[in-house]
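Taken in sequence, the protein lines are chains A and B.
Residues in the first sequence are numbered from 1 upward in steps of one, following the numbering used here.
Residues in the second sequence are numbered from 1 upward in steps of one, following the numbering used here.
Hints may contain errors.
[Said to hold, decoys possible] Where chain A lies over chain B, by a calculated footprint (3+ residues, C-beta under 8 Å): (1) 181-187; (2) 310-323; (3) 417-428.
[Stated by the list, open to error] Selected chain B positions facing chain A (Cβ under 7 Å, derived; list incomplete): (4) Ile277; (5) Lys327; (6) Val356; (7) Phe369; (8) Ala375; (9) Arg391; (10) Ser408; (11) Leu488; (12) Tyr492; (13) Ala496; (14) Gly497; (15) Ser587; (16) Gly590.
Just so you know, these hints were derived from the structure itself, not from any lab.
Remember, it's a predicted structure, so these values are computed and weren't measured experimentally.
Beta carbons are placed, not taken as given, at the ideal position from N, Cα and C, and that holds for glycine.
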Amino acid sequence: MTTLGILLVLALLLVVFGLLFRLQILTSIFSGSSTREVGVSNRVNAILFVVFLVVGGAAFAWSFIDNYDKMNPPIASIHGLATEKMFWTTMVIIGIAFVLTQVLLFFYSYKYQHQDGRRAFFFPHNNKIEVIWTLIPAIVMAALVFAGWKEWTRITGPAPKDSVVLEVMGKQFNWLVRYPGRDQKLGVVNYRLIDAVNEFGFDLSDQSGIDDFTAGEIHVPKGHPVLLRIRSRDVLHAVYMPNFRVQMYAVPGMPTKFWFTPTKTTDEMRAQTGNPNFNYELACNQICGRGHFAMKMSIIVDEPDDYVNWFAQQKSFSEQNPEVLASFKQKSDKLVEKATVVPAAAAAVVPAAAKASL
Amino acid sequence: MAANFSSQEQVQGGIGVTEPGHAHDAHHDEHHEQSFLQKYVFSTDHKMIAKQFLITGIFWAIIGGTLSSLFRLQLGWPESTMEWLTPFLGKWIEAGKLNPEFYLALVTMHGTIMVFFVLTAGLSGTFSNFLIPLQIGARDMASGFMNMLSYWFFFLSSVVMFSSLFIETGPAAAGWTIYPPLSALPQAISGSGAGQTLWLVSMALFIVSQLLGGVNYITTVINLRTQGMSMSKLPLTIWSFFLTAVLGLLSFPVLFSAALLLIFDRSFGTSFFLSDIYIAGQALSNTGGSPILFQHLFWFLGHPEVYIVIMPAMGMVSEILATNARKPIFGYRAMIGSLLGISLLSFIVWAHHMFVTGMNPFLGSVFMFLTLIIAVPSAVKTFNWLATLWRGNIRFTTAMLFSIGFVSLFIAGGLTGIILGNAALDIQLHNTYFVVAHFHLVMGSSAFFGLWAGVYHWFPKMFGRMMDEKLGYVHFWLTFIGVYLVFLPMHYVGIAGFPRRYYAWTGFDTFSQFADLNKFISIAAIVAFFGQFVFIFNFFYSIFRGRRATENPWNSTTLEWTTPVEVGHGNWPGDIPAVHRWPYDYSKPGAAQDFIPQNVPYSQTQSSNLPYEREME
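The shape of chain A in the complex, shown without the other chains (with noise of 0.2 Å):
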């Protein structure tokens, strides 16, 4: 009942806009208005453009103002100070470029509406001033270009030696993490391995591997470079770390990887923003399907002593997965009775599970 009122009110509506519209030419063929070339609407819509360029131009200077605040997510990385810097460096110099060519224009077509009895400039060209506008933007880009490069090389250099390493694995529709374990060598990994157990894929037979942990949040030290490792195991992910201004993408088939170092624990930043319930996160930044909306990691950077104790603490994947040891161990026993019996063939099998048996 409701639907059909709504559509007979539309219907109505339309009735009268059709009727108005009417009505409208009907008055502009009887005052002779539609056979001017150029009518009042001429000094209507240039009115309408210096409005337009005054009243929106505060809006939009209200609104940003506004707004600013809950804009910049509060920055906890050295490198994320510096792009920051850049960015509000760069916001300035094409804001001010966009105030001066967006007055001029609207200021323009005002000022230089249709008069009767007047004609245009003949202007085609001039080289002088056609070089300077060139040449100015040029050189901008040309600076711009420059410190942009400085800091991408300066982000995207080797990790420092002493970086804490860690992995991060995108999947369909959550992170895992892995960390090294004590002998700081994370170990070999095979997909075809991965189980609804050994959700890493964990070769275990290779003895890096044996003292590796997972988490079920990423913890990181304040103040030390951090080297996320990035995989994926199914579709592309990204690594999306807005506090930290850290994004990579997580391609399967292709490792990559991003460092950055952590400048404010997860309290010092619940304390700045005044909000006890503040986490860092971690979110999926490249479309992966159903569920990329909720794919998400908390992460918490500790005080260097508490990661410590924190990375004491964990128990390894082998320890408490001992059933997918066993199954190795038992694997690279069969291979090392094998390889009595038929030594080449094994060797060209499966080398590495081999010789860490040996």
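Fit chain B to the given chain A structure using the hints.
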């Protein structure tokens, strides 16, 4: 058809040879009555083909806009029920909620439709077809038959894409960039099943259409210019259509190869883009492929594509600004030079879409450098448009309003490109709403504004009638204000790091602060979308009931305005006019009127000739 052209014109136009209906029509002789099918459906007349592209484009724009209204509903009111959409969306509403995979399908199809079907086919398909022969002084395209095929391949591709909206597993849902492995594996998302197959088939047909059209545009511009129409006398529209066609011809085949390899990966077990994948409880056997390779291939088209979209708009806006400011376009040669510069650079900046995909950072540096160079020709164009308005005598036709709007939006969207082209800043902003806001302004809205400007401006030549100006003003102001209300606040959301293609942000504390703003954007977007029906009404009403147009209603200088009000097949009833001057002799001192058409020889305008023109009298 060709039979009634004089022999001299056949030499000039050369279409007598290529007309498919030639032999068939020969016995009709003088009165070439065309059947309905020949005239309106399988037409080889460039003007009819242009109208076919335009109306199909309008159809697609309504679909694309509707899809965006649907996902804006979801983003504006993520918590509320969508039960009322069930009659329309059926099983994609689950327990009152939009299905998240269908949400992804909506954004994917919105992007695909708008970029390819509206702003490529609808824009340059319409105006390259309509204006190239008319403005260079040709009877028709070099090959009318290929031109017809170009439309019908597009139509076929449209049918395939449209039908994919209705299939059981849903349309393609891996984003309009269809990055594998997501787009390659139906296990990953249901849209990557039959929907993605139809998407790829449709795009393959679309590319065929583009290539048939492009070859034709290029050949026509090079070979069929009328007497006196040198390349340096071409209107800027033609320069932009010509370079657009060159870009399309060089880049679309690369997308074709990407699509082909993806089809192989999907259906024939190859591993071009797949490697080391464990999905749905199973390790796939594919190894050695690279998803990044696909991105390189995709963006090798994808980046020129944004210039394919924007350059025709730039050309038409240049033309309309000059005509309605009653002034020559400022820096005609610089305008051509910047078009050439943009065309060249557009091929070597593609990897700025891939700064954080794991590509070698050194490559990122190179592409950052090349990307920021492209700001220079773009800036030159903007300054030249402003200088064209300076000391003009401006008439605000609807087309002029949209052209000024174009410049405004192009500046607003273009400037943020300087930020996104900077790799160091792109780390944070990649795939956020900052990017969405940027490209919707600079290529989406701007190109739409160019399209509307073109429709309002050339409507009298297309249909022999005028569109209603008052409704045009309403349409312009609604849209102009609407676009800014939608996309300016979107930058704030982007700076705050909101990721694109998110069904909802409510799960993250980091992305919790802009619920109101998102509601606001949604309202503005939906209102602006409904505002478009003013245009649609005006367009179709005016085709049949609009005021009758005169031959040259805007007092313009280019050749198309020398044709009769009802332009027949062959364009000029008599000889094709010869061209004597550049297309921008507006308000020339000493001239009787404030415009001198291109076909007026210098001998007739002695009072206004410049010193170097005296020799040509």
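Here's how the hints hold up against the structure:
1. 181-187: n = 3 at 8 Å, threshold three: holds.
2. 310-323: Violated - the segment 310-323 of chain B has 0 residues with a Cβ nearer than 8 Å to chain A, which falls short of three.
3. 417-428: Answer holds; 8 residues pass the 8 Å Cβ test.
4. Ile277: 5 Å, holds
5. Lys327: Constraint on Lys327 (chain B) satisfied, holds at 4 Å.
6. Val356: Given a least distance of 5 Å, the restraint on Val356 (chain B) holds.
7. Phe369: Holds, because the Cβ-Cβ distance from Phe369 (chain B) to chain A comes to roughly 5 Å (cut-off 7 Å).
8. Ala375: Where the cut-off is 7 Å and the nearest Cβ of chain A is about 5 Å from Ala375 (chain B), the hint holds.
9. Arg391: Since chain A brings a Cβ to about 4 Å from Arg391 (chain B), closer than 7 Å, the hint holds.
10. Ser408: 6 Å, holds
11. Leu488: Because about 6 Å separates Leu488 (chain B) from the closest Cβ in chain A, which is inside the 7 Å limit, the hint holds.
12. Tyr492: 5 Å, holds
13. Ala496: For Ala496 (chain B), the interface hint holds, since the closest Cβ of chain A sits about 5 Å away, which is under 7 Å.
14. Gly497: Cβ of Gly497 (chain B) sits 4 Å from chain A, so the hint holds.
15. Ser587: For Ser587 (chain B), the interface hint holds, since the closest Cβ of chain A sits about 4 Å away, which is under 7 Å.
16. Gly590: This hint is violated: Gly590 (chain B) lies away from chain A, its Cβ roughly 9 Å from the closest one there, beyond 7 Å.
Hints 2, 16 from the earlier list are contradicted by this structure; the remaining hints agree with it.
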